[in-house]
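Same order as they appear, the protein sequences are chains A and B.
Per this note's numbering: the first sequence = residues 1 to 89.
Per this note's numbering: the second sequence = residues 90 to 221.
To be clear, the hints were calculated from the coordinates, so they are not data collected in a lab.
A portion of the hints provided could be inaccurate.
Across the chosen pairs, the derived CB separations fall in these ranges [unchecked claim]: (1) 3/A to 186/B: 53 to 61 Å; (2) 129/B to 29/A: 18 to 26 Å; (3) 188/B to 4/A: 46 to 54 Å; (4) 70/A to 197/B: 32 to 40 Å.
One side of the interface only, derived from the structure: several residues of chain A facing chain B at Cβ under 7 Å [stated by the list, open to error]: (5) 13; (6) 16; (7) 49; (8) 58; (9) 76; (10) 79; (11) 83.
It should be emphasised that the depicted structure is a prediction, and the values quoted were computed from it without experimental measurement.
Note that beta-carbon positions come from the ideal geometry of N, C-alpha and C, so glycine has one too.
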Amino acid sequence: MITYALVFAMACIGLGLLMNLWLLVRGPGRADRVLALDTMVINVVALLILYGIRQGTGVYFEASMLIAMVGFVSTVAYCRFILRGDIIE
Amino acid sequence: MLVEIVVCVFLVIGALFGLVGSFGLLKLQDTMQRLHAPTKATTLGIGGVLIASMLYFLLIKDSFSFHELMITLFLFLTAPISANFLAQTHISLRMKQSDLPESGGAYGWSLFDDPPVMEKPSEPAAPTQAPH
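Throw the hints in and build the complete structure from the sequences for me.
Pasting the structure below:
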């Protein structure tokens, strides 16, 4: 039963990733594109955790932790770059 | 069996919230409205997936790891910060100062106005010359 739930969850998250990609391409402004990238990072973390459950190993938690950190830092860096024209003042 | 059902329920709820968040990102009209979807729904969705993962590894695989808790804590801490940065970016790119309401304080908005000038600490009084 968990297998079917995993397949359903992976399909939902994958569909969400496609929607985010569409917003990333279409997005009317730079803020929307950064927002789409941020949401994509969160969805990729969810997808990695689902894959880890499917494989039955905890190895993927470290990878998802790193991706979450890098995604947050990149979002903040991009926003600061737009706001100030500089990342580290 | 009961454990499997609980894990499946958390998985399905988390996945549906993630899907709703991503769909809201497409459907909502304005950037400020669009900011609501990923910061609330997607964060809740990944919370559900992480709870399912924690229960699965704890109850079925008999191994407990703190990584899920760390990821949950990290994501729930950073979502408001990145949303705040994105809102600031949107305001500075698309909105004028006249669109914003009054800040309600003694100073204006920090995006448009200079920071308030701090009063310099008063210099110590010059030593009076003792009369000869």
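Check each numbered hint from earlier against the structure, then list the numbers of those it violates in ascending order.
When the structure is compared with the hints, none of them turns out to be violated.
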